[in-house]
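Engineer: Same order as they appear, the protein sequences are chains A and C.
Taking the working numbering, the leading residue of the first sequence gets 1, the next gets one more, and so forth.
Taking the working numbering, the leading residue of the second sequence gets 348, the next gets one more, and so forth.
Worth flagging that the hints you see were computed from the coordinates, not collected in a lab.
One or more of the hints may lead you astray.
Result set (SDA-like, lysine to any residue): computed pairs, CA atoms no more than 20 Å apart in a straight line [to be verified]:
hint, chain 1, residue 1, chain 2, residue 2
1, C, K593, A, L147
2, C, K415, A, I58
3, C, K593, A, D342
4, C, K415, A, V344
5, A, K343, C, T428
6, A, K265, A, D71
7, C, K488, A, P211
8, A, K338, C, F417
9, A, K346, C, F398
10, A, K221, C, P504
11, C, K415, A, F337
12, A, K77, C, F416
13, A, K346, C, F490
14, A, K346, C, R401
15, A, K338, A, P124
16, A, K221, C, G512
17, A, K221, C, F458
18, C, K593, A, Q218
19, C, K415, A, I172
20, A, K343, C, I389
21, A, K146, A, P268
22, C, K488, A, R46
23, A, K346, C, Y421
24, C, K488, A, L147
25, A, K77, C, G512
26, A, K265, A, K50
27, A, K338, A, L322
28, A, K338, C, G480
29, A, K346, C, I389
30, A, K117, A, H103
31, A, K196, A, E224
32, C, K593, A, E81
33, A, K77, C, K488
34, A, K77, C, Y393
35, C, K593, A, R197
36, A, K338, C, L426
37, C, K415, A, D342
38, A, K283, A, K265
39, A, K343, C, G480
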Amino acid sequence: MTRSQSRREVLLGAAALAGAASLPRTASAQAKGRIIVGTWGGDYARLLNKNIEGPLLIKDGWEVVQDQAGDPERRSKMFAEQRLPRGTSDVQGLSALNMFQMHDAGTVLPIDYGKLKNAGNLLPSMKYPYGVGHIYSGKVGVYNPKLITTAPVSYQDVFDPGHGNKLGIIDIQYQYTMVCAALAAGGKVNDLEPGKRLLLECKNAGMRIYPTNEAFAQGLKSEEFGVGVMWKARVVQWQNAGIPVTAVAPTEGALAYVSGFVIPKNSPNKDGAYAYLDAMLDKSAQEAFAVDMGYNPTVTNAVVAPDLNKRIGFTPDEIKKLVDLDYDYMNRNDVAFKEWWDKVLKS
Amino acid sequence: MAATAPTQFQSDEAPTSLLSATTLVGPATVFVAAGLLVPLAILFRYSFNNFEPRHMMVETFSLDNYVKFFSDPYYTGVLWTTLRVAALCTVTCLVMALPLAYVLARTQSRFKSLLIMLVVLPLFVGNAVRAAGWMTLFGSKGFLNVTLMQFGAINQPLQIMYTEGAVIAGIIAVNLPYMVLTLQSVIEGINRNVEEAAFSLGAGPMTMFRRVLLPLSLPGILAGTILTFILGMNAYATPVLLGGPKFKMMGPLIYGQFQLNNWPFGASVAFVLMTATLGLTATANILVQHRFRR
């Protein structure tokens, strides 16, 4: 009953399949080409689409495809694709620390700022040779005035063993927490040993460790604890959600968090990548991110309403005092820090 | 008939037929080899490389990652915790599932299909979602604590979340349907008459269970135990969500290493876990079969 197919039939079938496979690509291709954007999922991806891709790129004839995943997965992908002449993404959204890591590993293209017409408005501190800062915030003290009656003004006040189990930290933020504790203990961004000692003192006094930002917020809401550190932008989101917390910029200088984009060396569409970076620095997109996400613009021409700026922004003095990570130091010691965090602090 | 069947098959189908054994086995074999064995082989090779922060890994051939794992009490502790939790969950699942599976297998109720559906129902919900459900139950202001406090049973909320107990409860809830379904299908295949025969010869329920039902349902017990033990050893979402930051099992430990881009160590921990799971499963299988064969 079986019927063997002739070679001609097989070839015909293969040709039909190949033709069919090429159809959707042709139909979906836009006039200017496709930009593949590596990004976190959730709100950030949604807002990239709402504030940058839709109004500034797709409308202009670009096709934008988001490759959503956590940054460890996307960084692994960049490492794995490093030797390929043609990668699978055009831009990758990463924190400043991870942008440095990818640069240090030789996976990203040096940025040619001459190709970005909005580069003239970019804050000098956001012009990395290997990436462009998109938004920024700072690690501030956060406390519930009902539980912590004396308002903390510094990291030192926050990481006070006297708080006992009213102090909370976040497991997934081990790098930034260790640096904040180091600053609190009089250390530096390239010497975290004093911070380790202080964290151990706090741990022995009953400090709570929460697995995620969300669990931390839940703990604050239920008044399980009353003081910790968090990005100012996130504190604003919590305040909007009705969690009774107050943010305070630490006197040591708030630790800066910058989220930006890099271009992988093997990006298939480098023109598209630059178009994306330029659109991301557009005044309208930057202002919309401040409103929607509570992060500060990285361009000087973005206008943030005074009342919003009071909640999400920093004073000129606070901006001057913003502290940046020592990227090289953090990158070289990341595994050692995580091992100490897991084996010693959490044990 | 049995002796002639293969001859008929051979005479009807020529060796080059599309239905030859090779053709039937081929696609699945190629799929498994390409999709599982090749990546496993690559990962195994990675486990002998060295981690270097700037380049993720440096190609070499060293046992350093395995030495690091077995010489550090932290990592061996994580392995023991995983073994303990998986074993405890497996035994509890077996004890809880046996009576339920027996009732399901023997019931003559017209609602039998519905009852089986009820057992399957939890599998319609993902592990992470189920863990989220447990979180609302176990939290300091969760259903359990609030209820106990309202009834005056406790003054302070019990710390249930972020404990080993919470993880064990969560994994048992995930694994129990697998054990029940495996046992139910095997018990259903055991002729009810052999139980009646045991009773008619004077055996009590426990004797009948021990001498008749247990040996006959052994294949199901072994299959269910292996399944739940493997699932317990490889649990990820439940320990992460219910165990909290201080509780570590092997699954989250492996993922954590890949997050740090330490693929060589992550790969070696993955192979330690796989070897431990396969080794223990095979040993238990051999021991149990040997014991009951006698």
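Engineer: Each hint: holds or not?
Structural biologist: Verification of the hints:
1. Pair hint C/K593 plus A/L147 does not hold up; C-alpha atoms about 25 Å apart against a cutoff of 20 Å.
2. For the proposed pair C/K415 and A/I58, the alpha carbon gap of about 51 Å is over 20 Å, so the pair is violated.
3. Between C/K593 and A/D342, the direct Cα distance comes to roughly 8 Å. Compliance with the 20 Å bound is thereby established for this hinted pair.
4. Between C/K415 and A/V344 the CA atoms are separated by roughly 17 Å; this keeps the pair inside 20 Å, and the hint holds.
5. Distance hint between A/K343 and C/T428 is fulfilled; the C-alpha atoms sit about 15 Å from each other, no more than 20 Å.
6. This hinted pair checks out: A/K265 and A/D71 have alpha carbons roughly 17 Å apart, not beyond 20 Å.
7. Distance restraint check for C/K488 and A/P211: the Cα-Cα separation of roughly 17 Å lies within the 20 Å cut-off, and the hinted pair is therefore satisfied.
8. Taking the CA atoms of A/K338 and C/F417, the gap is about 19 Å. The hint holds against a cut of 20 Å.
9. Among the hinted pairs, A/K346 with C/F398 is inconsistent with the structure: their alpha-carbon atoms are about 24 Å apart, more than 20 Å.
10. Only pairs whose Cα atoms come within 20 Å are accepted, and A/K221 paired with C/P504 is accepted, the gap being roughly 16 Å.
11. Our distance criterion of 20 Å between C-alpha atoms is met by C/K415 and A/F337, whose separation comes to about 16 Å.
12. A C-alpha spacing of about 26 Å is found between A/K77 and C/F416, which places the hinted pair above 20 Å, so the restraint is violated.
13. With a C-alpha separation of about 28 Å, the suggested pairing of A/K346 with C/F490 is violated against the 20 Å cut-off.
14. Restraint check for A/K346 and C/R401: not satisfied, since their Cα atoms lie roughly 27 Å apart, outside the 20 Å limit.
15. Under the criterion of a C-alpha separation no larger than 20 Å, the hint pairing A/K338 with A/P124 is inconsistent with the structure, at around 31 Å.
16. With a CA separation close to 25 Å, the supplied pair A/K221 and C/G512 exceeds the 20 Å bound.
17. For the hint linking A/K221 to C/F458, the alpha-carbon distance of about 46 Å lies beyond 20 Å, and the restraint is violated.
18. For the given pair, C/K593 sits about 18 Å from A/Q218 by alpha-carbon distance, which is consistent with the 20 Å threshold.
19. Simply put, C/K415 and A/I172 have alpha-carbon atoms about 24 Å apart, too far for the 20 Å limit, and the pair is violated.
20. Between A/K343 and C/I389, the direct Cα distance comes to roughly 29 Å. Violation of the 20 Å bound is thereby established for this hinted pair.
21. Our distance criterion of 20 Å between C-alpha atoms is broken by A/K146 and A/P268, whose separation comes to about 54 Å.
22. Distance hint between C/K488 and A/R46 is unfulfilled; the C-alpha atoms sit about 32 Å from each other, more than 20 Å.
23. Distance restraint check for A/K346 and C/Y421: the Cα-Cα separation of roughly 11 Å lies within the 20 Å cut-off, and the hinted pair is therefore satisfied.
24. A threshold of 20 Å between alpha carbons decides the hint, and for C/K488 with A/L147 the separation of about 18 Å falls inside it, so the pair holds.
25. Of the supplied pair hints, the one linking A/K77 and C/G512 is violated, its CA atoms being roughly 37 Å apart against a limit of 20 Å.
26. The straight-line distance between the Cα atoms of A/K265 and A/K50 is roughly 27 Å, outside the 20 Å bound, and the hint therefore fails.
27. Between A/K338 and A/L322 the alpha-carbon distance is near 24 Å, which puts this suggested pair outside the 20 Å criterion.
28. Taking the CA atoms of A/K338 and C/G480, the gap is about 30 Å. The hint is violated against a cut of 20 Å.
29. Between A/K346 and C/I389 the CA atoms are separated by roughly 33 Å; this puts the pair beyond 20 Å, and the hint is violated.
30. For the hint pairing A/K117 with A/H103, the CA-to-CA distance comes to about 23 Å; that exceeds 20 Å, so the pair is violated.
31. At roughly 24 Å between alpha-carbon atoms, A/K196 and A/E224 are farther apart than 20 Å, so this suggested pair is violated.
32. With a C-alpha separation of about 34 Å, the suggested pair C/K593 and A/E81 falls outside the 20 Å cut-off, and the hint is violated.
33. Between A/K77 and C/K488 the alpha-carbon distance is near 41 Å, which puts this suggested pair outside the 20 Å criterion.
34. For a cut-off of 20 Å, the pair hint linking A/K77 to C/Y393 stands: about 16 Å separates their Cα positions.
35. Taking the CA atoms of C/K593 and A/R197, the gap is about 19 Å. The hint holds against a cut of 20 Å.
36. Restraint check for A/K338 and C/L426: satisfied, since their Cα atoms lie roughly 19 Å apart, inside the 20 Å limit.
37. With a C-alpha separation of about 15 Å, the suggested pairing of C/K415 with A/D342 holds against the 20 Å cut-off.
38. Distance hint between A/K283 and A/K265 is unfulfilled; the C-alpha atoms sit about 27 Å from each other, more than 20 Å.
39. In summary, the hint linking A/K343 to C/G480 is not supported, as the alpha carbons are separated by about 30 Å, beyond the 20 Å threshold.
Consistency note: the structure conflicts with the earlier hints numbered 1, 2, 9, 12, 13, 14, 15, 16, 17, 19, 20, 21, 22, 25, 26, 27, 28, 29, 30, 31, 32, 33, 38, 39.
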